[in-house]
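Using the sequences and the hints given, assemble the complete structure.
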Amino acid sequence: MSLKKASAIVLAGLMTVSALPVYAEGSDVTLSVSIWDSYQEPGIKEILSDFTAKTGIKTELSVVKWDEYWTMLEAGAQGGSLPDVFWMHSNESERYMSNDMLLDLTDKISESEAIDPANYPEDIWGLYTYDGKYYAVPKDVDTIALWYNKAMFDEAGLEYPTADWTWEDVGEAAKKLTKEDGSQYGLAVRNDNNQAGYYNMVYDNGGYIISEDKKQSGWDDAKTIEAMQVLEGWIKDGVMPSLETMSENGEDVLFQSGKVAMVLQGSWMLAAYKGNEYTSANCDIVELPKNSQTGRRTSVYNGLGWAAAASGEHTEEAWQLVEYLGSKEAQEKQAQLGVTMSAYTGTSDAWSQSADFNLQAYLNMMEDMEIRPYSKSTVTWENENSEILKGVYTGDISMEEACKQMAEQMNEKLAEE
Amino acid sequence: MANTKSKAKTGRQRSEFLWGWLFILPTTIGLVVLNIIPIFQTIYQSFFKTGDFGKGNIFVGLSNYEKVFGDKEVWQALINTLKYAIVEVPFSIAIALVLAVLLNRKMKGRSVYRTIIFLPMVAAPAAVAMVWRWLFNSDFGLINNVFKVHVNWVSSPQIAVFSVAVIGVWSIIGYNMVLFLSGLQEIPRDYYEAAEIDGATGVNAFFHITIPLLSPTLFFVLVTRVIGALQVFDLIYMVIDKSNPALSKTQSLVYLFYKYSFVNKNMGYGSTIVVLLLAITMIITVFQMIGQKKWVFYN
Chain Z
233 MSLKKASAIV LAGLMTVSAL PVYAEGSDVT LSVSIWDSYQ EPGIKEILSD
283 FTAKTGIKTE LSVVKWDEYW TMLEAGAQGG SLPDVFWMHS NESERYMSND
333 MLLDLTDKIS ESEAIDPANY PEDIWGLYTY DGKYYAVPKD VDTIALWYNK
383 AMFDEAGLEY PTADWTWEDV GEAAKKLTKE DGSQYGLAVR NDNNQAGYYN
433 MVYDNGGYII SEDKKQSGWD DAKTIEAMQV LEGWIKDGVM PSLETMSENG
483 EDVLFQSGKV AMVLQGSWML AAYKGNEYTS ANCDIVELPK NSQTGRRTSV
533 YNGLGWAAAA SGEHTEEAWQ LVEYLGSKEA QEKQAQLGVT MSAYTGTSDA
583 WSQSADFNLQ AYLNMMEDME IRPYSKSTVT WENENSEILK GVYTGDISME
633 EACKQMAEQM NEKLAEE
Chain W
78 MANTKSKAKT GRQRSEFLWG WLFILPTTIG LVVLNIIPIF QTIYQSFFKT
128 GDFGKGNIFV GLSNYEKVFG DKEVWQALIN TLKYAIVEVP FSIAIALVLA
178 VLLNRKMKGR SVYRTIIFLP MVAAPAAVAM VWRWLFNSDF GLINNVFKVH
228 VNWVSSPQIA VFSVAVIGVW SIIGYNMVLF LSGLQEIPRD YYEAAEIDGA
278 TGVNAFFHIT IPLLSPTLFF VLVTRVIGAL QVFDLIYMVI DKSNPALSKT
328 QSLVYLFYKY SFVNKNMGYG STIVVLLLAI TMIITVFQMI GQKKWVFYN
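Taken in order, these protein sequences are the chains called Z and W. Residues 233 to 649, numbered by my numbering, are exactly what the first sequence covers, in order. Residues 78 to 376, numbered by my numbering, are exactly what the second sequence covers, in order.
Calculated directly from the structure, the hints in this document are not laboratory data. Incorrect hints may have been included.
Using 25 Å as the maximum straight-line C-alpha spacing, the simulated PhoX-like pairs for lysine-lysine come out as follows [said to hold, decoys possible]:
#	chain 1	residue 1	chain 2	residue 2
1	Z	K645	W	K183
2	Z	K645	W	K132
3	Z	K447	W	K144
4	W	K185	Z	K365
5	W	K326	Z	K468
6	Z	K645	W	K370
7	W	K132	Z	K636
Below, the structure is given as structure tokens:
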């Protein structure tokens, strides 16, 4: 037999063996877990391995980028092959809950010793409740704060931002921090930075995005338009990079590479900034500015939920995992590891010690919060709004005109829900 | 005796017939399951207002089509797609043809060149797009920094679609070249020798011998490339971010289909867009089939 033939046979043999399923561990269950944030992956992995050590149930974590995550989940839901346990977001939760895609956790929660709804913010439960039933356990809460580059403030001879700042102060400082040659800008708020960006300005000005009954857009409200005109002012003053630049690089990248002095970012970005040498050395955090007229300082907030698939094969084990992830122990660990703030009341203090930034600012933002506006078709109207806002950045339409267009298209979509 | 012979012949014919079908069966099944059935399902779906997760579809007749024909975004996407095709198809064919002719002779390092030119074809489109995205980056990109210019290659509404087409050309050249090379090798050397005696060399021989004799391959590449270019999606999806001001002037029909079907979860409208693309592709292909009689020579 020639060497070629012999190796071919060996290879073929190997392939057959490796194609056979391996039952070495008996009937052990492995739960598939899906998330979208790669920055949180290491921390989540650690928590999952604690769970495996405790219960013997194995987990397999996969991270899929935000955009593809929802495509994957949609296909999985339709084809009956959702991951066993996964993150849910307020943008999409209602569609999944109203179509019975998520495991009903109501009875399990009422019997559980680890999960007591009173220990988590009520609004977050609200995102994952449908017809009085619970479909996910709160994973985290997030608030917004202002990040600034100390080195740039020093260079411009400016005082660092404080908790007493107003949005006007931000605009003034941004002007002084912007260099004429385009090598440095004062501020970056992209057209699609709603939750961490302009939503906060709208709410602290007394405006709103969506009515309580989710039937009416608040974009044409006079207070909303007034708040958005502050953003228009920044665009016109040229204190922000062009939309082209912000779109090609992203606010976070521009901030991390020392191109902009201030950005508005959610607490979930900590993991990204903590890992960056430049931001660790030069940057810090302060509470969001106040509205000079109302005196209000508001953070739009949101929280993810851990959900399980209704169609899963191992729903019992999946519930065990969700229960563990929502338990005080896992929530505390999540905060300690600096993954995100945790939903469980009182566990987030550990998070503020997880990095050398003034993370207390994010916790202080919890004093006045508004839940991130949502309805059944959030994604559709939100994307369309960002598309319309582009026109303001490129100077084609005024902010007032854009707000009216946004209200119109949003009302149309809300009527169809 | 004669009787048995003819019997044997039919037996063999039958077995050939059976084996023939058996051999194409896997492809046929694949085609039917993965292509043909979905085509009809898509057409069917385009008459519905689809519910969440494929449940609760409501029949709406032609209303999706009425909406498509009145939708400026769709027509802009069609223009974008055609712009892309108009750059990608001719350039990828012309450059690949020249390269194929140059590499179709005995020369040092021929297979090295062929491999290098074919390599982009092997790379994953997503990876290709990411690399080009950085090359084209207006602030930190290599192109702008080397040439000391500031052009918004992929974020200016006027030029972004052409920049994407450049990436398309770059990634498809190798594949076209290989097809042309195989076509060139089928042209007998005698023609060139005869032409040389008559005094036709170089460029003359290229236009009067190579092109006509290569025309079946050229035609094949043209038809498949036009269809491929009309279906462009991955490059645009990877290069043009959602917040990019050039998006509305670059998104193709398939991109819109993706947006409606998988982001906005409006499968019915997404299907309608893709049916429109199917119709346009078929019309263009029919015209090409008619046109080929004028310029394609089959020996």
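Hint-by-hint comparison with the structure:
no. : hint              : in the structure
1   : K645(Z) - K183(W) : 65 Å, violated
2   : K645(Z) - K132(W) : 20 Å, holds
3   : K447(Z) - K144(W) : 24 Å, holds
4   : K185(W) - K365(Z) : 74 Å, violated
5   : K326(W) - K468(Z) : 24 Å, holds
6   : K645(Z) - K370(W) : 51 Å, violated
7   : K132(W) - K636(Z) : 34 Å, violated
Of the numbered hints stated above, those contradicted by the structure are hints 1, 4, 6 and 7, listed in ascending order.
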